[in-house]
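Q: Each chain, letter by letter, is given below.
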Amino acid sequence: MISEKEVRHVAKLARLELTDKEVEKYSAQLGDILKYVELMNEVDTTGIEPMPHAIPIYNVMRDDIVKYEETKEELMKNAPYEEDGFFRVPKIN
Amino acid sequence: MATASMEELRKKYEVVIGLEVHAQLKTKSKIFACDSTEFGNEQNTQISPITLGMPGVLPVLNKECVNMGILTGLALNCTIPEFCKFDRKQYFYPDLPKGYQISQYDQPICINGHIDIGGKRIGITRAHLEEDAGKLVHMGSSGIAGSSYSLVDLNRAGTPLLEIVSEPDMRSSDEARAYMEELRTTLRYIGVCDGNLEEGSMRCDANISVRPVGQKEFGTRAEIKNVNSFKALQRAIEYEIDRQIDIVEAGEEVIQETRLWDDNSGVTKSMRGKEDAHDYRYFPEPDLMPLQISREWVNEIASKMPELPAKRRERYVSYGLTPYDANVLVEQQDIAYFYDKAVNLNADPKTANNFLMKEIAAFLKEEKVTLEETKLTAESFAELINLVTSGIISNNIGKQLVITLLKEGGSAKELVEKQGLGVISDESSLRNAIENVINANPSQVELYRGGKDKLFGFFVGQVMKETKGRANPQLLNKLLKEALNS
Amino acid sequence: MNTVELVAKTASEQRKALLNKEITAVELTEAVYKNIEARDEKIGAYNSLTKELALDTAKKVDEKIMKGEELPPLAGIPLALKDNINLKNSYTTAASKILSNFVSPYDATVSKKLKENLIPVIGKANMDEFAMGSSTENSAVKITRNPWNLKKVPGGSSGGSAAAVAAGEATISLGSETGGSVRLPASFCGLVGLKPTYGRVSRYGLIAFASSLDQIGPMGRNVEDTALLLQAIAGHDPNDSTSLPAPVDDYTKNLKKDLKGIKIGYIKELCSDGLQEEVSREVQKAIQTYKELGAEVIEISLPLVKYAVSVYYVVATAEASSNLARFDGVKYGFRAKDADNLYDMYVKTRAQGFGDEVKRRIMLGTYALSSGYYDAYYKKAQQVRRLIKNDFDNAFKKVDVLLSPTCPYTAFDLGSKIDDPLSMYLTDIATITANLAGIPAMNIPVGLDKSGMPIGIQLQADCLQESKMFNVAFKLEEIVQFDYSTPSKILV
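Protein chains in written order, with this note's numbering: chain V, -7 to 85; chain G, 67 to 552; chain U, 7 to 498.
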């Protein structure tokens, strides 16, 4: 139902490295779950508006005010690799 | 490069250009967080848990961004739909802390607008709000290729952007440039964006394709990025037109891709292979509630709309300025505002414009300052112009005085009185001055009387010097002629 | 009553003892830590302890008592905080390797409210990784065992929060829900547990799983304690755009009101087939009790309930796949070593940092949103979701409160479902609809099965009707007189 090729593609989109064994396993498990999920298709949804929010509220906004509650040090404390106040990452090419 | 045959080839093809512009909105705080949007500060000093995408944080929409979006839409003749919402655009990159950008996908804040450039109407498909990404610095080389690692600064992450997408209505690099200039001027005048391509407060991507003249379908287009000035935009378009024509003439297909403009080498380069086609997996942003934009809200913003560039140009032309002069004035917003103030204080519009475009412009350029940084006020400028147009001082004196006012401030009237700078229209004083000049320059007098008419200007200059520029020009001419010809 | 006994009592009894100066808040807190020391190695309710903070809060409470100052209702009552709720300067790990070293730089709004209410936070409670699971077996930190029977699961994903309260390692706790993760462990551990109306409690600071479904929920030994805890944390929050502007009710005012005129509907689709025998029996007993209490009890059919799990596993996983994209090793958390380049770092960090269930759900969600599949999966699921909500809206036109079991069965054995993801997902069949519809729902313990494991009844009400639901729950609780303190006695 979901091929190993598709699993590899999805894993790439989600930035997850999978072993061959995992690809096989997920392919089977995701296939089972997707099959179950197809149950939804029994329901006639013609003309029904999707429900992205649980509650109908609109126009939730705030004023254009600058304020800080944490210091730079507090926020950078968890950085895995900091250099000169930047976050350092391996080469992007 | 265009060659003689290239020119002929170009006649066979039509270029189709659409522009996507990202304008940074001038709010104080970011679109979804309360950090400052200030430019140029030390790395990672304008951040918060929200900007860093820390676990558990939630975005809250800055109302001023919505107001600016509506204002811009109205200035660009757009429809503001009653309903719009936010969506997540998903991809992985180190300058995108959450792994998705909050943007607007299928229900943006503005649709169906236009900008007029010199009689041609360029359509605007849509404009939508979104957040900016952070900045990357690549170490170990001059760019991303060949770098050994990169550094991430998230100060800019979350700055509000308005993405303005034009219809593919432009047919030349000139039109593209004109569109960009008018868009930029408009954004500046309504106060939503600095419009500075070099600094990045306004960014431009061009979608370019070619098709044989007469063909209805569009050709395959390429997207050109990294265009950092109007000149670069035109050069990039011109290059791309030739590149695509070459491909099509060779019987091959133009590839739909993103290309980077390299200003140094003057070519566009393919980004193919560097990144796969993105599947952005858009879906509605669950952390933000949608917007219902009432007509009252839209009308309230419309009522605060500043005068738009097109209207302003019309007004200046009605004062008697040439369209060219009117445009030059409009393009310099701070000078236009100053000009308006002076004209409201009854300064003659044409004279005021002359001074601004000549003496004042030259001064600002040489001293490398803005008008605001000088000591000249609109009030004293208006006063000066009135002194000139009413004949109390000569144009020359006016030119000298304006420099003084720029450097030291003060009142023109007071300076004229204190230094006795009024126009000399008294015949006997003028005759005296003329006589002094004639006596001091006998050889030139002889040459003039011998037939060298051109030397008249020399004598005029000398008398002006003698009278410290105060001689009444018409009277001077009359009396000088009499004296020389006698 | 001595300290040992008091630790196993309700919040109101503890408060009485504090106000009568029979015990200090510091003594109560320290007694809880003593229990943790003695028991938690076996139970595994906590990932980290916040002793300094807790004692600091307790000291403040004692000062106020000494001065005779007024105290918030739950002041000094020890609380376990689920490890996906940010508490400033404490570890907040979501029971994941990818956050194992993450120290919160900020407080969640509910954490701020706990501090304002002088409620000592004892420690961070274990959970399924990123709240994905129904048994707490998906934690990357440790196993949590059900204090009623150490061979069984405590339920999930808020298993640690429930186990702590059941085992006398806290009196009250906060968990979180996306598909039943407070109600289910409450049911398995014999506690009261609630999911409030969506938006009633701020999500700011709760590590997001599925944004349109998540809510923080209170757990306690009885209805009153749970209602008081909801009172302390509920309310509009400008930092959470999805929080409700409606004013907060007085949740304990009408607990004792009699049920004449109240209409209760038991959900046909959840009260018949596939129930463990004792669960079915307790449901019938509850229906009978409510009739005797003067409520009108009718059968309500919600035919779309059977699609709830399908809808949930599309909507929740899609939102989760997006919410978990931020865990990339760049700004905080775990980063894989020996990565050659950025892409390598991403794929290795996330592969090594996330557990199996999390990866499975990320991939499912990514697939559901991907090009070509959005309409068939995500859009379709959100449409069915609306129909499910409509079903509930119609039901609440006919009744005030809905009744069903919280789970078709009682706590299962550790390890018995871990290799069958689908079977694990079906544990949530009765609870998931409340999250999809955004309505409040709660568990109350009503009895024990043959092996002595707790059975829970679920009540659901319309949006913002928590008070009514508490009232209906309270009246049943009064009759049932469930003994929640059994594990405390066993473990001593």
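Hints may be right or wrong, so weigh each one.
Here are the computed lysine-lysine pairs in the DSS-like style, where the Cα-Cα straight-line distance is at most 30 Å [what the hints assert, rightly or not]: (1) G:Lys544 x G:Lys424; (2) V:Lys13 x U:Lys423; (3) U:Lys119 x U:Lys103; (4) U:Lys297 x V:Lys64; (5) G:Lys155 x V:Lys27; (6) G:Lys155 x U:Lys385; (7) U:Lys343 x V:Lys(-3); (8) G:Lys465 x G:Lys407; (9) G:Lys129 x U:Lys94; (10) U:Lys57 x V:Lys69; (11) V:Lys4 x G:Lys201; (12) V:Lys69 x U:Lys48; (13) G:Lys155 x U:Lys354; (14) V:Lys69 x U:Lys119; (15) U:Lys121 x U:Lys22; (16) G:Lys282 x V:Lys59; (17) U:Lys297 x U:Lys263; (18) U:Lys354 x V:Lys13; (19) V:Lys59 x G:Lys473; (20) U:Lys94 x V:Lys(-3); (21) V:Lys4 x U:Lys22; (22) U:Lys385 x V:Lys59; (23) U:Lys354 x V:Lys(-3); (24) G:Lys201 x V:Lys59; (25) V:Lys59 x U:Lys121.
Now the stretches of chain G that chain V is said to cover, found in silico as 3 or more residues with beta-carbon under 8 Å [said to hold, decoys possible]: (26) 201 to 210; (27) 353 to 363; (28) 395 to 402; (29) 514 to 523.
Bear in mind the hints are in silico, worked out from the structure with no lab data behind them. Yeah, the Cβ is synthetic: ideal placement off N, Cα and C, and Gly gets one too.
Q: Compare the structure with each hint and give your call.
A: Hints, verified against the model:
{"no.": "1", "hint": "G:Lys544 x G:Lys424", "in the structure": "holds, 28 Å"}
{"no.": "2", "hint": "V:Lys13 x U:Lys423", "in the structure": "holds, 21 Å"}
{"no.": "3", "hint": "U:Lys119 x U:Lys103", "in the structure": "holds, 28 Å"}
{"no.": "4", "hint": "U:Lys297 x V:Lys64", "in the structure": "violated, 61 Å"}
{"no.": "5", "hint": "G:Lys155 x V:Lys27", "in the structure": "holds, 28 Å"}
{"no.": "6", "hint": "G:Lys155 x U:Lys385", "in the structure": "holds, 16 Å"}
{"no.": "7", "hint": "U:Lys343 x V:Lys(-3)", "in the structure": "holds, 28 Å"}
{"no.": "8", "hint": "G:Lys465 x G:Lys407", "in the structure": "holds, 20 Å"}
{"no.": "9", "hint": "G:Lys129 x U:Lys94", "in the structure": "holds, 29 Å"}
{"no.": "10", "hint": "U:Lys57 x V:Lys69", "in the structure": "holds, 22 Å"}
{"no.": "11", "hint": "V:Lys4 x G:Lys201", "in the structure": "holds, 24 Å"}
{"no.": "12", "hint": "V:Lys69 x U:Lys48", "in the structure": "violated, 34 Å"}
{"no.": "13", "hint": "G:Lys155 x U:Lys354", "in the structure": "holds, 23 Å"}
{"no.": "14", "hint": "V:Lys69 x U:Lys119", "in the structure": "holds, 25 Å"}
{"no.": "15", "hint": "U:Lys121 x U:Lys22", "in the structure": "holds, 21 Å"}
{"no.": "16", "hint": "G:Lys282 x V:Lys59", "in the structure": "violated, 54 Å"}
{"no.": "17", "hint": "U:Lys297 x U:Lys263", "in the structure": "holds, 15 Å"}
{"no.": "18", "hint": "U:Lys354 x V:Lys13", "in the structure": "holds, 16 Å"}
{"no.": "19", "hint": "V:Lys59 x G:Lys473", "in the structure": "violated, 40 Å"}
{"no.": "20", "hint": "U:Lys94 x V:Lys(-3)", "in the structure": "violated, 43 Å"}
{"no.": "21", "hint": "V:Lys4 x U:Lys22", "in the structure": "violated, 58 Å"}
{"no.": "22", "hint": "U:Lys385 x V:Lys59", "in the structure": "violated, 38 Å"}
{"no.": "23", "hint": "U:Lys354 x V:Lys(-3)", "in the structure": "holds, 20 Å"}
{"no.": "24", "hint": "G:Lys201 x V:Lys59", "in the structure": "holds, 22 Å"}
{"no.": "25", "hint": "V:Lys59 x U:Lys121", "in the structure": "holds, 22 Å"}
{"no.": "26", "hint": "201 to 210", "in the structure": "holds (count 5)"}
{"no.": "27", "hint": "353 to 363", "in the structure": "holds (count 5)"}
{"no.": "28", "hint": "395 to 402", "in the structure": "violated (count 0)"}
{"no.": "29", "hint": "514 to 523", "in the structure": "violated (count 0)"}
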